[in-house]
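Visitor: We have chain G; now place chain W onto it with these hints.
Here is how the chains run, residue by residue.
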Amino acid sequence: MKKKLLSAMLITAMTASLLAGCGGAKDETSADPGTAAQEQQQDAAAPEEEAPAQVEAAGAADEGKVLNIYCWNDEFKRRIQDHYPGYTADASDATKGTIGDVTVVWNITPNDDNAYQNNLDETLLKQADAAVDDKIDIFLVEADYALKYVDTEFTMPVADLGITDADLANQYQYTKDIVTDSNGVLKGVSWQGCPGAMFYSREAAKEVFGTDDPAEVQKYVADWDTFTETAATLKDAGYSIISSVNDSYRVYSNNVTSKWVEDGKINIDDNIMKWVEDSKALVDAGETSTYELWSDDWSKGFYPEGKVFSYFGPAWFINFSMAADAEGSIGNAGGWAATEGPQGFFWGGTWICAATGTDNASLIKDIMLQMTCNEEIMKEIVVADDDFVNNKPAMEGMAADPGYSSKILGGQNPLGMYCAGVEGLDLSNLSIYDQGCNEEFQNAMKNYFDGNTDLDGALDLFYKAVVEKYPDLTY
Amino acid sequence: MKAARRGKVVSYNKWGYIFLIPFVSVYLIFQFIPLASTIYNSFFENYRSGLTQIGPNFVGFENYKTIVVNGDLITYAQNTLIMWVMGFIPQIIVSLLLAAWFSNPSLRLKGQRFFKTVIYLPNLIMASAFAMLFFTLFADGGPVNSILMQMGILDQPYKFMSNVWSARTLVAFMNFLMWFGNTTILLMAGMMGIDTALFEAAEVDGATSTQAFFKITIPLLRPILVYVMITSLIGGLQMFDVPQILTNATGDPMRSTMTLIMYLNKHLYSKNYGLGGALSVVMFIVTAILSMIVYKFTNKKVD
Chain G
220 MKKKLLSAML ITAMTASLLA GCGGAKDETS ADPGTAAQEQ QQDAAAPEEE
270 APAQVEAAGA ADEGKVLNIY CWNDEFKRRI QDHYPGYTAD ASDATKGTIG
320 DVTVVWNITP NDDNAYQNNL DETLLKQADA AVDDKIDIFL VEADYALKYV
370 DTEFTMPVAD LGITDADLAN QYQYTKDIVT DSNGVLKGVS WQGCPGAMFY
420 SREAAKEVFG TDDPAEVQKY VADWDTFTET AATLKDAGYS IISSVNDSYR
470 VYSNNVTSKW VEDGKINIDD NIMKWVEDSK ALVDAGETST YELWSDDWSK
520 GFYPEGKVFS YFGPAWFINF SMAADAEGSI GNAGGWAATE GPQGFFWGGT
570 WICAATGTDN ASLIKDIMLQ MTCNEEIMKE IVVADDDFVN NKPAMEGMAA
620 DPGYSSKILG GQNPLGMYCA GVEGLDLSNL SIYDQGCNEE FQNAMKNYFD
670 GNTDLDGALD LFYKAVVEKY PDLTY
Chain W
1469 MKAARRGKVV SYNKWGYIFL IPFVSVYLIF QFIPLASTIY NSFFENYRSG
1519 LTQIGPNFVG FENYKTIVVN GDLITYAQNT LIMWVMGFIP QIIVSLLLAA
1569 WFSNPSLRLK GQRFFKTVIY LPNLIMASAF AMLFFTLFAD GGPVNSILMQ
1619 MGILDQPYKF MSNVWSARTL VAFMNFLMWF GNTTILLMAG MMGIDTALFE
1669 AAEVDGATST QAFFKITIPL LRPILVYVMI TSLIGGLQMF DVPQILTNAT
1719 GDPMRSTMTL IMYLNKHLYS KNYGLGGALS VVMFIVTAIL SMIVYKFTNK
1769 KVD
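Residue numbers (my numbering), protein chains in the order written: chain G, 220 to 694; chain W, 1469 to 1771.
Extracted from the complex, chain W is given alone in its bound form:
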């Protein structure tokens, strides 16, 4: 009897491993092998000029040296971060406000479900379609310029795509529009997890709703806020489709809207796996560090 039971335990363990196989194999094939081959490729000179293949020749850390020395990496990382910050600040403010309103039972907002759906909708549009729409709206002879001119605000059409800050603002604004709904829902989930007894106690003690928000909601929401910020930062580092379509892949004006991934994409014209690989590895390291920070924070919550 005893022996039989032990046998059963062993066989359950075996099933555990068997059920893990699909994930592990998919991970190995679609994640790990590409990752390893990217790292491997980054040590080679390997590109195509026209239809002529050059390389692969082993060059050691030459590719890393190139991308660091020519300074492009820093410039494009800056562009990416600036546009991310410009989008993230309004995003987090609006999301906090909306989440606080939605999760506040005393407000008794009508049509909550409707509005929750509506604010999430921009996220469902394909980013490239969204960028195309803005490209047409804000073109030199587009509807926005003609409205502004007819209202007498402008005499000349304003060249949105030819000015550094207007172009960056457009990119940031689009990212904000696309993501604030998503953030709102995340923050709302966090706020609903806060014990309502705390708010009631504060109310009894005579705290205003502003005080309750800053002294109760924000501190208790911290882990979720950090999570939202880091995931948004990782997503922001990979910003690509919106500026790519909006600027027709040029990153104009003067490449001030060129993000890291757009730069990576530039190397695909010549199938430059070496430089592209090196760039990807650098980004992988940055992202890994950020992910580790999230991991640390989310684990802290448990304590």
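If we strip away everything but chain G, and leave its shape as in the complex, we get:
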């Protein structure tokens, strides 16, 4: 009897594990038709066919109760939390919040190793089959890869949400250019503009040049030749002119006259080769390093002991990245100042895109309008977060306002400089391959700067890495 009981139990255990195995199998096999379906969709490129109709039919009252937002850090979350009227953060769960009776779910995947885009790609490709509350409603993109998403059917035209050209009239043209697809349809909006400036340490400038006045310091960095000469002067005083060669990369790469990819062939612009040449000289002379951006070594210059003279960055950089909250940092003591630097550039920027198939169209419309078109809110953002917002009259007004100054920049009002810079931005040379090319180019050139290979070796490495990322390209 006992034996029978035992064997019965064994059999139950076995079948249970067998069924568990089956469960796993089901998931696996069901994933296959799923991907097949996605491929079909991509060929047909019509997952949004019924979506606009749905949006029109749906009034605000019977819209979805879950707003899924995909992003890579908490910048947008902080903006919404601080400035969007009616948003309440969930005290117990940092990934959730509420607007009225709609739950906002923040799906934050860091950018590292392309994780954000991988996650977004997979979810977007499954968007048509996802349950209503699981569909992406809003996702954020950066300039480097905006076109990859904007030029597909997965992103909804903002006109379909009910946002008119008149609403967007005050926005800077370049912020619209980046998220306009190949048919001229606008598919995203941004609350910020990202013209860059050169932030230098006032203390270092006083010590080395005897003045920290931006107009005077500008003379020392007016173009790349004087910049290189100044680097030598700074080295003698114990300072690195920039923390890493990667700091100046954007300044060169934004002033290119050709795209990374022309007719399916990888193309390196002359200005980028000039970066290589200038940077190699700086590194060989020991005037800067080859640290990766955002690494610990690179960010040591945010503190006086780091002995870094300057960083290149846009408006968000000072507020978001320069450790201004940390006691003892240069930014905390208001020790930075801004000047134009050798060339104008922009860096980053975050665009809000509505995903095709969303069930929260009117809420998205309101978020877009409040965050990117409401002058009051945008002024608030400038004052509270040192951001440069995407609203021409507001920015020009504040640039002329003697009452506004940035604490981190020691009381300087940098907005006039940004306003001038933003007009000069030329974004006609973006391509969908930019992100991969920029990253791999800097990775490959690090080897050249460190003396591990010659220029040709580094270029070969760059080509090889890009073709791995985009197998359809040649060189």
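One or more of the hints may lead you astray.
Chain W regions said to be covered by chain G (calculated; three or more residues, Cβ under 8 Å) [stated by the list, open to error]:
hint, region
1, 1511-1520
2, 1605-1617
3, 1626-1633
4, 1714-1726
5, 1733-1747
Calculated lysine-lysine pairs in the DSS-like style (CA-CA distance at most 27 Å, straight line) [to be verified]:
hint, chain 1, residue 1, chain 2, residue 2
6, G, Lys478, W, Lys1739
7, G, Lys626, G, Lys296
8, G, Lys395, G, Lys584
9, W, Lys1627, G, Lys493
10, G, Lys478, G, Lys499
11, G, Lys683, W, Lys1739
12, G, Lys454, W, Lys1627
13, W, Lys1533, G, Lys683
14, W, Lys1627, G, Lys683
15, G, Lys526, W, Lys1627
16, W, Lys1533, G, Lys688
Treat the hints as calculated values from the structure; they're not laboratory data. Keep in mind the model is a prediction, meaning the values are calculated, not measured. Idealized CB from N, CA, C, for every residue including glycine.
Guide: Okay, now just chain W, sitting in the frame of chain G:
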């Protein structure tokens, strides 16, 4: 009576097969089907550029040709093997020494259990966390450099990650630290299986402990040594997490720390199932050959 008994035998056989079902089905679903689909995929051009899917188009052996012709496969296999050897040699030496001490009853080591646990501990840390730790320790402005500079050994920080041999050494050292405990325990088990009468006889004959180690322990340990070496080699071929995290997926400098699996991982950016599949199949064949060698050796032991 006889008929009944025969019936019982048959039904026992049936149970044998039924009890095998869980393993076989799990094997089929999680091992065999992925394996077959990898081989199948390796014959297709199938990748994603941005959000555009290209393929799958049948291309025959084109993918195999690509990975062989561009020479990357050989380079990365070399990197992998170099780093494996650099880690394995100290690993086997230290493990043999420790195992010999631990299993030698005449030494009467105190706190054996404690030390056995301690040497195994590094294996319990997640490899990526371990690599992250080393990344921070050996950064240009990290603690190791500042200690060396304060002691006056270096004037300039040494760029551990920008020099081929220092980067490879770091990877090898981490693998050594993580695995020598495991190897020690395996070898110790093998040594304890050796008849102590042999050692006693050798002692009576006047053999030194070094002689006993080389003439008795090592020859009798051979099957276990071969097993350890081959399994470590198979594990070494799949080296990934440590160099991946330590070099931020670049395999810098000049891809000299890029292993085969890191290269495979590079193809995942473009969801390149064709090239990735071909690479996996090549590695599968190499690993299969190595496994067959182990199988042969372990069977020999029985004879």
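Visitor: Each hint: holds or not?
Guide: Hint-by-hint comparison with the structure:
no.	hint	in the structure
1	1511-1520	holds (count 6)
2	1605-1617	holds (count 4)
3	1626-1633	holds (count 4)
4	1714-1726	holds (count 7)
5	1733-1747	holds (count 6)
6	Lys478(G) <-> Lys1739(W)	24 Å, holds
7	Lys626(G) <-> Lys296(G)	23 Å, holds
8	Lys395(G) <-> Lys584(G)	16 Å, holds
9	Lys1627(W) <-> Lys493(G)	25 Å, holds
10	Lys478(G) <-> Lys499(G)	23 Å, holds
11	Lys683(G) <-> Lys1739(W)	16 Å, holds
12	Lys454(G) <-> Lys1627(W)	20 Å, holds
13	Lys1533(W) <-> Lys683(G)	16 Å, holds
14	Lys1627(W) <-> Lys683(G)	25 Å, holds
15	Lys526(G) <-> Lys1627(W)	19 Å, holds
16	Lys1533(W) <-> Lys688(G)	19 Å, holds
In the structure shown, no violation is registered for any of the earlier numbered hints.
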